[in-house]
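A.B. asks: Please model the complete structure; the sequences and the hints are all you need to start from.
Protein chains in written order, with our numbering: chain A, 1 to 373; chain B, 1001 to 1391.
Since the hints were made in silico from the structure, they are not lab data. Given the structure is predicted, the values throughout are model-derived calculations rather than measurements. From the three backbone atoms N, C-alpha and C, an ideal C-beta is built for every residue, glycine too. No false leads were mixed into what you were given.
To be clear about the criterion: a stretch of chain A counts as covered by chain B if any three or more of its residues have a C-beta under 8 Å from a C-beta of chain B, and this derived list gives those stretches:
hint	segment
1	251-259
2	262-270
3	280-292
4	311-321
5	361-373
Residues per chain are reported as follows:
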Amino acid sequence: MDFSFNDEQQMLLDTTQRFLASEYGFDQRRKLLESDEGWSRGVWKQLGELGLLAIDIPEADGGIAAGPVGVMLVAQAVGHGLLLEPFLSSAIVATRAIVQIASDAQCARWLPALASGERIAVLAHDEAGAGIDFTRLGTRATRDAQGFSLSGSKSVVYHAPMADLYLVSARVDDGSLGLFAVAADAAGITRHALRTVDGQRAADLDFDKVRLDADARLGADVGDALASVIDCAIAALCAETFGVLDRILKATIEYSRARKQFGTPIGSFQALQHRMADMLIQFEQARSMMYLATERCSDADAGARRASISGAKALIGQAARFIGQQAVQLHGGMGMTDELDVSHCFKRLLAFELRMGTTDEHLEIYRRGLQAE
Amino acid sequence: MDLAFDAEEQAFRDEVRAFLRDKLPDDIRRRVHLGDGSTIDTDIPRWQKILNAHGWGAPAWPVEFGGTGWSKTQQFIFDTECALADAPPQLAFGVKMVAPVLMRFGSPAQQQHFLPRILAADDWWCQGYSEPGSGSDLASLKTRAELDGDHYVVNGQKVWNTLGQFADWIFCLVRTDSSGKPQRGISFLLIDMKTPGISVRPTRLLDGTHEVNEIWFDNVRVPVGNRVGDENAGWTYAKYLLGHERTNIAGIGANQRELRRLKQMARTLERNERPLIEDAVFATRIAQVELELKALEITTLRVIFAEAQNHAPGPEASILKIRGTEIMQRITELQVEALGARGLIAESPGHDPGEEIPRATETYLNQRKLTIFGGSNEIQRNIIAQMILQL
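C.D. replies: The structure is reproduced here in structure tokens:
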């Protein structure tokens, strides 16, 4: 049993925190939010130069291979900074999908450009109404003489507008589950750009008989591998969210110390003190579940891995709901404005609750595992 | 970072399991499992003597006093395995409460006399803290001890005294000075329960058990030599006692045991002609509490790890107390709900009403105490607000 971090992990965390503290203040981020693009390619390049886009790439492929704990710490810092750039989408989720599923030649083609920040890739998996498993996937790939023809729709694909490459999951006509690398500018793709409630950029993607060469397919029947990629994505999203929780909780405590009513700081009122004590308890329980999710990322037993990670997503989702709502409440009217950290964090927490399977979906996954024991 | 126990810790756990399998008497195990407390006055000392014969009588004591010298992690493993094996809890008032105070503040004579007797279960200890007007505001206590030659004369009333009907000794907070701040006039006395002037009256609890008492002191003469440490310094000792041995304040093992029982009940009991576990609503409630317990187990291990890195035990224990007690209460609620209306059976002379009846409901009633005693959960939230959040 050991809850410490080694020097390399600590250094990664420090590097990320230092960079975001100097380059990603509230006002700097605010400008990006209001810009047409909604993100900064400059920041993205710098993240690449710092090596942070290579943390989930094996050393043999030129990466840092920071492992699940390294990913957890960087994701936490990224969440704390409310980063708008596609760190999780490209450097963790899509990168991990390529590392885990793609051939050596495909890795050599894509990983260096992803690590440097030159190219951006996203996993296009979620479909409206499909849930997080693969059984109801509507996107289809039909084999033909040259390769495949891809048709279907993907819903709220985070960071798709800035991506060069989509990794699209689809049911292949032989019944297998396929993952396809699709250039963002391929013919037959319609991209409906979206702005999400947490200020990030996303898109609904329609694929209409998109022509793919045979070597656009990553791996063969990738159901198990993709499930593992998605579990790791959820674990990283849990860590990112823990960073947001850290920021919103501290902001609330500080605000309650500074804000005076009836001639005294509102933090001296017992009703508010007990609320904040409950927020802290849920925060610490969320940290424990983040550790659990991180450790289980590499669990070979897929059922146990999914159960733990779903459990973590559910409990952290509940913590996000409670802490977020109470933070707004304790900020009073100021919690309703766009002027403070709190509302920005609040919306990011809402995104966590609804992305990659809702709190209830994950609680249900956990419950089914318990019933099957 | 590594959440799993290492090889050494796992080997220790195996050793504890083997010991419990071989040495925990079946009759005691069965009574603990059934929640049958009718013979705890003999079961607890019997088990303590078995532990002591094995050198495990005091898991948290230093070796020089006859303890094991175990790490906090080993103590946690021991506590957890004992609970999971249906071993009776050790009597906390001796081993975990008065003993650490004696080791730190007691005279050599007190240490030499009392500590071996605690280890060997020769003395049953109880606690005299709360009074009718002094609960959470303990420092306002009024039981007086006045000096008369080489004796104190004690007068007053203590309440919520647990299992004092079996006790040989009581450690008491008494007022020796009323002139200054309430905290400054309290002394810590060890009182022989056979001393004339002590009367013990049962307080019947909502679950029908006789677990707590009122204790009346009427001109009880206590030798000055039975005072621990300095006169009027008792509050310091009491605070030391409360901050001690909080490693397993969350009761992870007991919670896991009761969760295991709940799941067993849900698999056995039927509703609408199906096992209850197949009911999505009920199963989701179990899932929820199981997840909360998993998180608390990791949070507990984090606190233990921090303590091992030389961080003194701190206010984080309040987080563990709040969650551990809330989770236990939730589990006992669900056990009662699993029984449905049959959970209402309190007595059924000459007729076996079925598994877990009336144990589950009695336990539910009894466990309401958890969020009240040991510093109510509201007091714990005050501590978190003041000591951790610095509000």
